[in-house]
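Below are the chains, spelled out letter by letter.
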Amino acid sequence: MKVIYNSLFKRTSTYAVAIMASAFFFERAIDVTSNLIFDSINKGKQWKDIKGKYE
Amino acid sequence: MAATLRRFNGLRLLKSTPALNLQQAKNLSSASSWASNNKKLIGAIGAVTGGVGALLFALEQSVEASGTEVHAPAQPWSHRGLFSSLDHQSIRRGYEVYKQVCSACHSMQYIAYRNLVGVSHTEEQAKAEAEQITVRDGPDDTGNYFDRPGKLSDYFPSPYPNEEAARAANNGAYPPDLSYIVSARKGGEDYIFSLLTGYHDAPAGVVLREGQYFNPYFPGGAISMAQVLYNEVIEYEDGTPPTQSQLAKDVATFLKWTSEPEHDERKQLLIKVIGILGFLTAISYYIKRHKWSALKSRKIVFVPKEK
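Residue numbers (the UniProt record's numbering), protein chains in the order written: chain Y, 1 to 55; chain V, 1 to 307.
Just so you know, not all the hints are guaranteed correct.
[What the hints assert, rightly or not] Interface residues of chain Y toward chain V, partial, derived using beta-carbon atoms under 10 Å:
id: 1; residue: V3
id: 2; residue: D31
id: 3; residue: G44
id: 4; residue: K45
id: 5; residue: W47
[As the list claims (entries may be wrong)] Partial list, computed: chain Y residues near chain V (C-beta under 7 Å):
id: 6; residue: I19
id: 7; residue: S22
id: 8; residue: I30
id: 9; residue: S34
id: 10; residue: I41
id: 11; residue: I50
id: 12; residue: Y54
[To be verified] Okay, the calculated beta carbon distance ranges per label pair:
id: 13; chain 1: V; residue 1: I276; chain 2: Y; residue 2: M1; range: 21 to 31 Å
id: 14; chain 1: Y; residue 1: K43; chain 2: V; residue 2: V206; range: 39 to 49 Å
id: 15; chain 1: Y; residue 1: F26; chain 2: V; residue 2: G46; range: 21 to 31 Å
id: 16; chain 1: Y; residue 1: T12; chain 2: V; residue 2: G275; range: 50 to 60 Å
id: 17; chain 1: Y; residue 1: M1; chain 2: V; residue 2: S284; range: 15 to 25 Å
Since the hints were made in silico from the structure, they are not lab data.
Using N, Cα and C, we set each Cβ at its ideal position, and we do this for glycine too.
Start from the sequences and build out the full structure, keeping to the hints where you can.
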């Protein structure tokens, strides 16, 4: 905890960078996992599952 | 008396409430300064709000048994679940049914061929579908109107040029535009399915005029659309047996998609919203506990002044 505080949160410059970087990774993580969940629930029903038959 | 009360309620009713508590609640409330008119107004607003809410609830819960129509039973659609997408193979078959059966009378003027791309057809297939229709376009360089094959950006062709022509061709009944029909009818896709499969002979006492048919799911029972879906009325390109219920199910799914093209995206977003709001709720709870920990663990001590 102390290491994180001293290296990232103490200075405004590094704090701002930490916020932006974590926002990026948080968004990616939420996006990718929720898409995975949705695709696994709807396996075989969506267009991307059946378009192989028509191309 | 006191002993009986005590037996049933313990000490709760016999204990006097600390007067301090009552005083504090009274001091915090601003209601004591209200005029009597204000109190009446607020009471009336409260009563009206509660009454309207109860009325809406009662209307929603009612079985509506006084109408003449049968209410469509809920079918086990594969897109019924909270996170379930539409069945796109079914949408594609439903488009075939619409194109070969429904489009003879019903327009679908808000759906374009480009909407099919990435939903039920590839771009080449949607282009091929569009090229089968003829569109009147113009004016060209010489000011003349001309016919050309359809493009991806063209909307589905209407069978009649206007509503009057449609009525004249259908005994005065207007075949509604099907673009948003699932959202426009009570019961949605269940209603469409039941209507298409629910035709039968009129019971005794029901008088039908020329060109009318009996369908218990249609309000009034007398519908001007004849039964159109029968077993094997068309052939599916993917080889699915074209039974009547299969045709009705596929076209209802297709119409569900045209009414709610955002359906899949909406349900996908719900998963994201639950994830992010769950995360934020956890953080809020932690911060609340963190901020209150000092308040909850403090002690207030009265130290009398020493003389």
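For each hint, the structure was consulted:
no., hint, verdict
1, V3, "21 Å, violated"
2, D31, "7 Å, holds"
3, G44, "8 Å, holds"
4, K45, "5 Å, holds"
5, W47, "5 Å, holds"
6, I19, "14 Å, violated"
7, S22, "12 Å, violated"
8, I30, "5 Å, holds"
9, S34, "4 Å, holds"
10, I41, "5 Å, holds"
11, I50, "5 Å, holds"
12, Y54, "5 Å, holds"
13, V:I276 x Y:M1: 21 to 31 Å, "25 Å, holds"
14, Y:K43 x V:V206: 39 to 49 Å, "47 Å, holds"
15, Y:F26 x V:G46: 21 to 31 Å, "43 Å, violated"
16, Y:T12 x V:G275: 50 to 60 Å, "30 Å, violated"
17, Y:M1 x V:S284: 15 to 25 Å, "21 Å, holds"
This entry does not satisfy hints 1, 6, 7, 15 and 16, going by the numbered hints stated previously.
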